[in-house]
Structure formats: C-alpha cells, structure tokens
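Visitor: Letter by letter, the chains look like this.
There are 2 protein chains.
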Amino acid sequence: MTYCVAMRLDTGLLFASDSRTNAGVDHIATFRKMHVFEQPGKRLIVLLSAGNLATTQSVVSLLRQRLDDDAVNLYNVATLYDAAALVGNTVKEVVARYASEGTLGQGVDFGANFIVGGQIRGETTRLFQVYPQGNFIETCEDTPYFQIGESKYGKPIIDRVVRSDTSLPEAAKCTLISFDSTIRSNLSVGLPIDMLLYGADTFAPAAPHRIDGDDPYFNKLRRGWGEGLRRVFAKLPDADWFE
Amino acid sequence: MTYCVAMRLDTGLLFASDSRTNAGVDHIATFRKMHVFEQPGKRLIVLLSAGNLATTQSVVSLLRQRLDDDAVNLYNVATLYDAAALVGNTVKEVVARYASEGTLGQGVDFGANFIVGGQIRGETTRLFQVYPQGNFIETCEDTPYFQIGESKYGKPIIDRVVRSDTSLPEAAKCTLISFDSTIRSNLSVGLPIDMLLYGADTFAPAAPHRIDGDDPYFNKLRRGWGEGLRRVFAKLPDADWFE
Chain H
1 MTYCVAMRLD TGLLFASDSR TNAGVDHIAT FRKMHVFEQP GKRLIVLLSA
51 GNLATTQSVV SLLRQRLDDD AVNLYNVATL YDAAALVGNT VKEVVARYAS
101 EGTLGQGVDF GANFIVGGQI RGETTRLFQV YPQGNFIETC EDTPYFQIGE
151 SKYGKPIIDR VVRSDTSLPE AAKCTLISFD STIRSNLSVG LPIDMLLYGA
201 DTFAPAAPHR IDGDDPYFNK LRRGWGEGLR RVFAKLPDAD WFE
Chain A
1 MTYCVAMRLD TGLLFASDSR TNAGVDHIAT FRKMHVFEQP GKRLIVLLSA
51 GNLATTQSVV SLLRQRLDDD AVNLYNVATL YDAAALVGNT VKEVVARYAS
101 EGTLGQGVDF GANFIVGGQI RGETTRLFQV YPQGNFIETC EDTPYFQIGE
151 SKYGKPIIDR VVRSDTSLPE AAKCTLISFD STIRSNLSVG LPIDMLLYGA
201 DTFAPAAPHR IDGDDPYFNK LRRGWGEGLR RVFAKLPDAD WFE
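Those protein sequences? They're chains H and A, same order as listed.
In case it helps, full-length UniProt numbering puts the first sequence at residues 1 to 243.
In case it helps, full-length UniProt numbering puts the second sequence at residues 1 to 243.
Please note that the accuracy of each hint is not assured.
Chain A side only, calculated, beta carbon under 10 Å to chain H, not exhaustive [stated by the list, open to error]: (1) S151; (2) R160; (3) R163; (4) P169; (5) L176; (6) P192; (7) M195; (8) L197; (9) A200; (10) G226; (11) L236.
Here chain A is said to cover these stretches of chain H; the calculated rule only asks that three of the stretch's residues, wherever they fall, bring their Cβ under 8 Å from a Cβ of chain A [as the list claims (entries may be wrong)]: (12) 31–40; (13) 121–133; (14) 228–240.
As a list, the in silico SDA-like pairs of lysine to any residue whose alpha-carbon atoms are at most 25 Å apart [unchecked claim]: (15) A:K220 with H:V232; (16) A:K220 with H:G228; (17) H:K235 with A:L236; (18) H:K235 with A:F233; (19) A:K235 with H:Q106; (20) H:K92 with H:Q133; (21) H:K235 with A:K235; (22) A:K235 with H:K92; (23) A:K235 with H:R184; (24) A:K235 with H:D10; (25) A:K235 with H:P237; (26) H:K235 with A:D212; (27) A:K220 with H:R210; (28) H:K235 with A:G107; (29) H:K235 with A:D159; (30) A:K235 with H:Q133.
These are calculated hints, taken from the structure and not from any lab test.
Every residue gets a Cβ at the ideal spot worked out from N, C-alpha and C, and that includes glycine.
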C-alpha cells in the first residue's frame, strides 16, 4: 500500500509520501512516489502516486518522455486544471492499453490514484486529486487537503489540526505525526518519507526533503508526541460510572 | 458501517460498540450492536456485530430463540471456544439459506463479522473474532484486543496505550478516545456507544452503559483529549530543515 498527503494552505503547498510498495507481504520494496516537474521561475507541478506500481510508473514515464513533444505536456499546459486533466487522461490511456492487450482482470487491481498540485505563473497554487477513472476534484477552503492510499489511521490528527491558515512548518509537523501513526499501525506504509514544502508565488527550485529512520527531527517528534499523548491520557479522569 | 472494540485484559473484559447503521447515506438508523447472553453466577457471553444488518440480526435471533432447545446453544456450550464455533456456524447457516433462496449476489455484501467474548464457569475469560466465513481467532497476550468495522481511525491510540496489564477504567478511557477519533473522521460511525466492563471471575450481572451525546464523562474526555493534543502539538518544535 502507500500513504500520501498534500495540503493547499494560504502560504503554500505541502506534499508528503511514504516509499513502501508491496506485492503480497513477501515482496516489499522502496520506490519514490513523489514526482517533481519544475521549471524554476515558471512552474512547479508535483505528483504523488498510489495504487498499482506498474500503472503509476507508466503514467509518470509517459508524462516525462512527452515533455519535449509539441503536443500537450506538463511544461506547456496553461493551468493546473489542465495538468490534472492530462494526468487523468494518461491514467486512462495506460489502463486502456492494458485492456486492449488483454492484461486486465486476472484478479489484479490495475488502478492508480494521483494527487497533482503546484503553481503555474499567472495562477495561484492549486491542488487536485485524480481518481483511477481519470476524473478529478480540487481542494477548497473547507477541505484544504487530500490523502491517497492508507489514509484512515492518520486522518484524525489532520482533521484536528489543519486549516487553510495553518503555517507550513506546523502542517509539516502535523503531517509527520500523521505518518508516524500510520506507520505504527500498518505494515504496508514505511520510511523513508519524502516531503516537499513550497512557498506560494516563490517559484523557487523545489527541494524534497527525505526523512529516514535516523532523522533527528522526526525522531524527536515521534518521541515527544508519544510521550505527550501518554501524559495527556494519564491526566484525563476515569469514568465515574465504573465502580 | 460500524465500529466495535473488545479487549481481554488481565483483570477482565471490555466491550464497546457504536449504534449507527446505514444502507447508503440516506438511510441511517440506530441499532444496538451489543448482544448479551448471561446466566449470572454461571456464564456471560457478549456478541458484538458488524456487517450486513439483516445477517447479524438473523444470527442473533437464531442464537436467542434456540436457548431453550436441547441442541447446542449459548447456554449449554461447555467453553467459549464452542460458543465462537456456534456463532460461526450460525453465520454460515444464515448465508447458506440466502444462497439456497437465491438471495445472494445482487451487488450486496451479505457478510457479517462478530466478536464473541465472556467467561464460562470453569474457564478463564476468553475473546474471539469470528470471520464471515465462520472461522475464528482468539486473542493472545501480545494482541489483547479485536476491532471490527471502521477500525483504522481509532487503532493508533489503542496500539499506543493498551497492554494486557492495562486496567479496565484506563482501557475504557482509551476506547472512548478511539471512538471519538473515529466518529470525528467517519460519518458512518455514530453515537450512542454501548460499553460493557466485566471483572474477571465475578460472574456478576452484566450492565452495559450507554453513552450518548450529552454524557458528561464522554464530553469531558473529548474536550480534554482535544485540548491536550493541541497543547502537546503546539509545544513540539518545528523542523529545522524548513527555512
């Protein structure tokens, strides 16, 4: 499985992805699920992927090898909306190819989910979630984040903390706690985590940060969060209706 | 959907269930998912149910109307193991009846999950999870709890807090926090919560406690937990690798 989160905040965008893939429990590997398309000063488009690895890799490879084409590609689409549509169409193209080759069925789910976000000069930052069917939705002020993959374990802390006006460093902190909860409860999500923070309107070179098991900040956070939770828990009263 | 939790601790058993059922989002109702079979002084058997409501209700009705039969029933099985097997066989019986009547298929999942726990005089407390196929597993010291239904949102807090030697009141506190996280993030789980705490070897009459939206303890807990989390979160440092 996979766990990816992206947030569109007033001051910028956050992207985070784990890097564990598995085909069954005995075939586990590490693959990057964050894919950056950037032209510093002009545009940044970040893709996060979940689902069938052959499908997501095909989609990203096709998107990348077409960057020099004259046809529509991620470096010449006019808006992030068009970028999301292009990703959706490429997902459909790959799955249609499987269908025509007789690859579909066989009890395998060939579907893929993507999060597509970034900023193209002339637009504000935007963030989309692309479904396996190729259609997509965009964040709004009430719901400024998307998750794909194993989203449930880490959702409560995001629901409690993140609003549109949350700062990027706070959002990063919340996201790492969300990953910690997920990794503790689900074997199919694993380190390292890739995290990219983008300040709105900066068009600066995007530098994903890789967080591994020996990352001092992540370890301080996990320890502090775990101890803090237990402290809060211990201070809360027991029910008076029991004995 | 549904959310049920049960724990087998050194000092006793905990059972908790929400009470929301839905067939689509526009047909929501409240049904008790905790079913108590007891002979004070002799035996206590508690069932928690998740899945297709017609199936779970049929299973519980059949188990109850057979209590006076001479055949095997929940009041005459010799062990909790036999009780779990009886529940599993009754699930299979109901689903087999659907199959013979041509009810199966039609895009509906007729499956049901049960948690079966309690104590029969002569045995220690025991706790089982029964799958839709009728087979079942029992807790052990390393994994003293089972969840059925929407289990993921509320799993991290249980994984952090509950061990076999956790006290019943602490386990109750943790379980209610787990329900709070689930209810906040998932519409298909809702109040009231039924909770039953049983002290090992007491064979006392079982008194489920019903927790509704105006329960003072539950509200104090949700408020204290939410505020405590935000306090711990605010005190944790921001990443030094961001600006």
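Visitor: It remains to establish, for every hint, whether it holds in the given structure.
Guide: Here's how the hints hold up against the structure:
{"no.": "1", "hint": "S151", "verdict": "holds (9 Å)"}
{"no.": "2", "hint": "R160", "verdict": "holds (6 Å)"}
{"no.": "3", "hint": "R163", "verdict": "violated (12 Å)"}
{"no.": "4", "hint": "P169", "verdict": "holds (4 Å)"}
{"no.": "5", "hint": "L176", "verdict": "holds (8 Å)"}
{"no.": "6", "hint": "P192", "verdict": "violated (14 Å)"}
{"no.": "7", "hint": "M195", "verdict": "holds (9 Å)"}
{"no.": "8", "hint": "L197", "verdict": "holds (6 Å)"}
{"no.": "9", "hint": "A200", "verdict": "violated (14 Å)"}
{"no.": "10", "hint": "G226", "verdict": "holds (7 Å)"}
{"no.": "11", "hint": "L236", "verdict": "holds (5 Å)"}
{"no.": "12", "hint": "31–40", "verdict": "violated (count 0)"}
{"no.": "13", "hint": "121–133", "verdict": "violated (count 0)"}
{"no.": "14", "hint": "228–240", "verdict": "holds (count 12)"}
{"no.": "15", "hint": "A:K220 with H:V232", "verdict": "holds (13 Å)"}
{"no.": "16", "hint": "A:K220 with H:G228", "verdict": "holds (19 Å)"}
{"no.": "17", "hint": "H:K235 with A:L236", "verdict": "holds (19 Å)"}
{"no.": "18", "hint": "H:K235 with A:F233", "verdict": "holds (16 Å)"}
{"no.": "19", "hint": "A:K235 with H:Q106", "verdict": "violated (51 Å)"}
{"no.": "20", "hint": "H:K92 with H:Q133", "verdict": "holds (7 Å)"}
{"no.": "21", "hint": "H:K235 with A:K235", "verdict": "holds (17 Å)"}
{"no.": "22", "hint": "A:K235 with H:K92", "verdict": "violated (46 Å)"}
{"no.": "23", "hint": "A:K235 with H:R184", "verdict": "holds (22 Å)"}
{"no.": "24", "hint": "A:K235 with H:D10", "verdict": "holds (23 Å)"}
{"no.": "25", "hint": "A:K235 with H:P237", "verdict": "holds (23 Å)"}
{"no.": "26", "hint": "H:K235 with A:D212", "verdict": "holds (23 Å)"}
{"no.": "27", "hint": "A:K220 with H:R210", "verdict": "violated (40 Å)"}
{"no.": "28", "hint": "H:K235 with A:G107", "verdict": "violated (48 Å)"}
{"no.": "29", "hint": "H:K235 with A:D159", "verdict": "holds (19 Å)"}
{"no.": "30", "hint": "A:K235 with H:Q133", "verdict": "violated (42 Å)"}
Of the hints listed earlier, those the structure fails to meet are numbers 3, 6, 9, 12, 13, 19, 22, 27, 28 and 30, in rising order.
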